[in-house]
Amino acid sequence: MRLREKKTKSAEIPTASMADIAFLLLIFFMVTTVFANEVGLQIMLPEKGAEVKVRSENIQRIYVEEKGEIRLNGEPVSQDQLVDEVKKILAENKDAIFSIKTHPDAQYQYMVNALDKLRLADADRYSLAPSSEE
Amino acid sequence: MRLVREKVEATIPTASMADIAFLLLIFFMVTTTFRAETGLQVIIPMVEAAEKMPATNLSHVWIAKNGMVAIDDALISIERISDIMARKRQINPDIIVSVKADKATGYKLVEEVLNEFVDASVLRIHLAARKTRG
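Going down the list, the sequences are from chains X and R.
The first sequence begins at 1 in the working numbering and counts up by one.
The second sequence begins at 1001 in the working numbering and counts up by one.
If you're looking for bench data, these hints aren't it; they were derived computationally from the structure.
Computed from a predicted structure; not experimentally measured.
Please note: incorrect hints may appear among the correct ones.
No farther apart than 30 Å at their CA atoms in a straight line, the calculated lysine-lysine pairs in the DSSO-like style are these [claimed, not checked]:
{"id": "1", "chain 1": "R", "residue 1": "K1065", "chain 2": "X", "residue 2": "K67"}
{"id": "2", "chain 1": "R", "residue 1": "K1088", "chain 2": "R", "residue 2": "K1108"}
{"id": "3", "chain 1": "X", "residue 1": "K48", "chain 2": "R", "residue 2": "K1007"}
Short derived list, chain X residues pointing at chain R, Cβ under 7 Å [claimed, not checked]:
{"id": "4", "residue": "F23"}
{"id": "5", "residue": "S56"}
{"id": "6", "residue": "S99"}
{"id": "7", "residue": "I100"}
{"id": "8", "residue": "R119"}
{"id": "9", "residue": "S127"}
{"id": "10", "residue": "S131"}
Here a beta-carbon is modelled for each residue, glycine too, at the ideal position from N, C-alpha and C.
Using the sequences plus the hints, can you model the full thing?
Now the structure itself:
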């Protein structure tokens, strides 16, 4: 018995749409990717034991109270006022140094708020005073 | 005079398009690095004058409002922070610490942690915050 000759069928995978699929995946991942863009406030801590002598007339004291009220040199100020006051002080004395002292039981947010206002007023000389010191 | 235009068929070779797209896809897949640390559950404070956080030389420290402190995913006690940070500074002298503290944390705790950084001579600190809109 003779077998019939086999017909050769050409098998092909359609690749015309492959590029579309790949680009679709590429664009999907590009769009859904979220970059971690973290922001915040940069501070520089003082070196241990290094005492910096500051002329007392340059020191401006900011006190952050337990409930978040801010006092500048003893005077209670609102957060928006603080920016203006700090700008005013800097216009008079560009060597002014702001010392932020926070009540130990105050929330961290309040201290950050005060620091934020100094930044908004372009004050670049400030320090965080220890909260325990009288 | 009559011109006879020859018709030239223009085709763009698209056979390698899929290869190019997949190459790009795989390149981005391989070069993407995921941040491994998850840290503690914190709500970071809101600020207006936020600066972009540097992407390199970072070490993350979390402070939760219940007093837990974690460095790069490991819960640790406060007294050990200075040892760990001092070791990190030996490995990388340009280290910047990103402090992610909950906004309701008591300032006393934040101050204790910052003092530990001073003890370890790690002085460049970044207080993570979210930028308020508007």
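Comparing the hints with the structure gives:
1. K1065(R) x K67(X): Holds, because 16 Å separates the two Cα atoms, which is no more than 30 Å.
2. K1088(R) x K1108(R): holds (24 Å)
3. K48(X) x K1007(R): violated (82 Å)
4. F23: Nearest chain R Cβ about 5 Å off; hint holds.
5. S56: violated (23 Å)
6. S99: For S99(X), the interface hint is violated, since the closest Cβ of chain R sits about 14 Å away, which is over 7 Å.
7. I100: violated (10 Å)
8. R119: Given a least distance of 4 Å, the restraint on R119(X) holds.
9. S127: violated (12 Å)
10. S131: holds (6 Å)
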